[in-house]
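S.K.: Sequence:
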Amino acid sequence: MAERHGALLVALEHRFYGKSINPDGLETENLRDLSSQQALADLAAFHHYISQRFSLSYKNTWISFGGSYA
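Be aware that the sequence shown starts at 1101, since it is given in our numbering, and climbs by one per residue.
Don't read these hints as lab results, they were simulated from the structure.
Among the clues, some could well be false.
Estimated spans, in silico, between C-beta atoms of each pair [unchecked claim]: (1) N1160 <-> L1140: 11 to 21 Å; (2) N1160 <-> E1127: 37 to 47 Å; (3) E1103 <-> R1132: 36 to 46 Å; (4) K1159 <-> G1125: 41 to 51 Å; (5) Q1138 <-> F1165: 12 to 22 Å; (6) A1111 <-> D1133: 14 to 24 Å; (7) R1104 <-> S1135: 35 to 45 Å; (8) V1110 <-> S1135: 16 to 26 Å; (9) E1129 <-> H1105: 43 to 53 Å; (10) L1109 <-> D1133: 45 to 55 Å; (11) T1161 <-> G1118: 22 to 32 Å.
For each residue, glycine too, the CB sits at the ideal point set by N, CA and C.
Throw the hints in and build the complete structure from the sequences for me.
M.R.: Structure follows, in structure tokens:
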């Protein structure tokens, strides 16, 4: 579908999940960045990086989806 619409398809994994486990371990002191606020900050940084890397403008539409915290 992405190819048909000329879209760029990228994936971002939430830190501390899947292969994005902290190499220092999962002790409490290493989990200070495990929060919904940090996840949003990570998404903003990712958006900025991808926009620069692929010369995207503010006119490009982004669609984001994922699981829930429920």
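S.K.: None of the hints should be skipped; say for each whether it holds.
M.R.: Each hint tested on the structure:
1. N1160 <-> L1140: 11 to 21 Å: Between N1160 and L1140, where Cβ atoms are some 20 Å apart, the hint holds.
2. N1160 <-> E1127: 37 to 47 Å: holds, 40 Å
3. E1103 <-> R1132: 36 to 46 Å: With a Cβ separation near 40 Å, E1103 and R1132 satisfy 36 to 46 Å, so the hint holds.
4. K1159 <-> G1125: 41 to 51 Å: holds, 43 Å
5. Q1138 <-> F1165: 12 to 22 Å: holds, 19 Å
6. A1111 <-> D1133: 14 to 24 Å: For D1133 against A1111, whose Cβ atoms are near 20 Å apart, the range 14 to 24 Å holds.
7. R1104 <-> S1135: 35 to 45 Å: Since R1104 and S1135 have Cβ atoms about 37 Å apart, the given range 35 to 45 Å holds.
8. V1110 <-> S1135: 16 to 26 Å: Given about 23 Å between the Cβ atoms, the range holds.
9. E1129 <-> H1105: 43 to 53 Å: Hint holds: Cβ distance 45 Å, inside 43 to 53 Å.
10. L1109 <-> D1133: 45 to 55 Å: Violated - the Cβ-Cβ distance for L1109 and D1133, about 26 Å, lies outside 45 to 55 Å.
11. T1161 <-> G1118: 22 to 32 Å: With a Cβ separation near 26 Å, T1161 and G1118 satisfy 22 to 32 Å, so the hint holds.
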